[in-house]
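Just so you know, the sequences run in chain order A and B.
Numbering-wise, the first sequence is residues -2 to 150 according to this note's numbering.
Numbering-wise, the second sequence is residues -2 to 150 according to this note's numbering.
Please note that the accuracy of each hint is not assured.
No copy labels: a pair is met if it fits in one copy or bridges any two.
Stated by the list, open to error - Straight-line alpha carbon distances no greater than 25 angstroms define the calculated DMTMM-like cross-link-like pairs of lysine to aspartate or glutamate that follow:
| hint | residue 1 | residue 2 |
| --- | --- | --- |
| 1 | Lys95 | Glu25 |
| 2 | Lys83 | Glu9 |
| 3 | Lys49 | Glu85 |
| 4 | Lys6 | Glu103 |
| 5 | Lys95 | Asp111 |
| 6 | Lys95 | Asp73 |
| 7 | Lys119 | Glu9 |
Bear in mind the hints are in silico, worked out from the structure with no lab data behind them.
Protein chains: 2
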Amino acid sequence: MRKRTRQQKVLELIRTKRFRTQAELVEELRRRGIRATQSSVSRDLARLGAVKINGYYTLPRLVHPIAGVLEILDLDTAGDHLIVVKTEPGQASPVALKIDHANFPEVVGTVAGDDTVFIAVKDREAQRKAIARISQLFTLRPSRSAPGATLSR
Amino acid sequence: MRKRTRQQKVLELIRTKRFRTQAELVEELRRRGIRATQSSVSRDLARLGAVKINGYYTLPRLVHPIAGVLEILDLDTAGDHLIVVKTEPGQASPVALKIDHANFPEVVGTVAGDDTVFIAVKDREAQRKAIARISQLFTLRPSRSAPGATLSR
DNA sequence: CGAAGAATGCAGAAATTTTGCATATTATGC
DNA sequence: GCATAATATGCAAAATTTCTGCATTCTTCG
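Work out the full structure, taking the sequences as your base and the hints as a guide.
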């Protein structure tokens, strides 16, 4: 799909460079062979949760966790029916609990280990929706690992 | 969507009447204004987890002939390779243990959280059989959520 | 207020899912 | 074992959903 690669690139770009406007991003994307419009970039940024800070687009990273707001370190998929969430050691249970409590219709069930939560979903569509919902529930604090691989959609 | 209403009707039908063949179901659906083919009904039944018991299509989750000591609250699937069982808090382990102990050939492995068990199976066929077997092992005590709500996609 | 930047309704394009047909595979009765 | 009924499935077309760009409106900030 086109959207995925573009979003991935957008992610990578705003992580490595500074962009003041969406037009600049469009320009840079084009330069890298990805044709896109401002509308799409606008929607991408929204979906990625990027915001303009000090005039530049940034992925918000919380330095200090807000009390009551749980952090997750990573969010990824395995096949169409699983979502895997990584947390700090010992945080898997509270995270799973919060997901359970949210009672999303897309979520079939969760299992928590120490720093990992497995979330079973019906199908890819449910997976997609669940990811969207879950990422709303927590603050994502990306670790040093492979950039972008886990944020896109 | 067409699929949803049809599946809903199929669900309702096999709950209220007895159907020996998919052709009968097709006929009954047609009578109620829903045009469908055997192929679709076949796929619906698979998706709904219905199985033929004693020559009639039945929803295994509505069948609990043998009363076990342990209770489960819900039994659902995610894809072809997972079965998800919900239990009361803290009951996941004993439930998983019992499943393990039963040593069903269809069950590849289980993981228990606090109130959820993931059960890995080889394929859809194994999944179906495992569901039938597992639901025999326990008493199903459905919570107050809409019946079937979790079965129809 | 005015201009630049960003968001959004909408219609067409693209991608995904569903469906029915034809047919393969499996179950059933004899 | 067959013969046959019943069910499952590969495939291409149809239906549905999602995405995209354009045009336009809404926001922001000087």
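These are the hints, each one checked on the structure:
With identical chains, the CA atoms of Lys95 and Glu25 are never at most 25 angstroms apart, being 39 angstroms at best within one copy and 44 angstroms at best between copies. Taking the closest pair of Cα atoms, Lys83 and Glu9 come within 25 angstroms of each other only inside a single copy of the chain (21 angstroms); across copies the shortest separation is 40 angstroms, beyond that limit. For the identical chains of this complex, Lys49 and Glu85 are neighbours neither inside a copy (28 angstroms) nor across copies (45 angstroms), given an alpha-carbon limit of 25 angstroms. Taking the shortest alpha-carbon separations for Lys6 and Glu103, only the inter-copy value of 21 angstroms comes in at or below 25 angstroms, while the best intra-copy value is 28 angstroms.
Within a single copy, Lys95 and Asp111 get their C-alpha atoms as close as 15 angstroms, and across copies as close as 13 angstroms, so both meet the 25 angstroms cut-off. Proximity of Lys95 to Asp73 under the C-alpha cut-off of 25 angstroms is found in both arrangements, the shortest distances being 18 angstroms within a copy and 20 angstroms between copies. When the C-alpha separation of Lys119 and Glu9 is checked against a cutoff of 25 angstroms, the pair qualifies only between copies, where the shortest distance is 21 angstroms, while the shortest distance within a copy is 29 angstroms.
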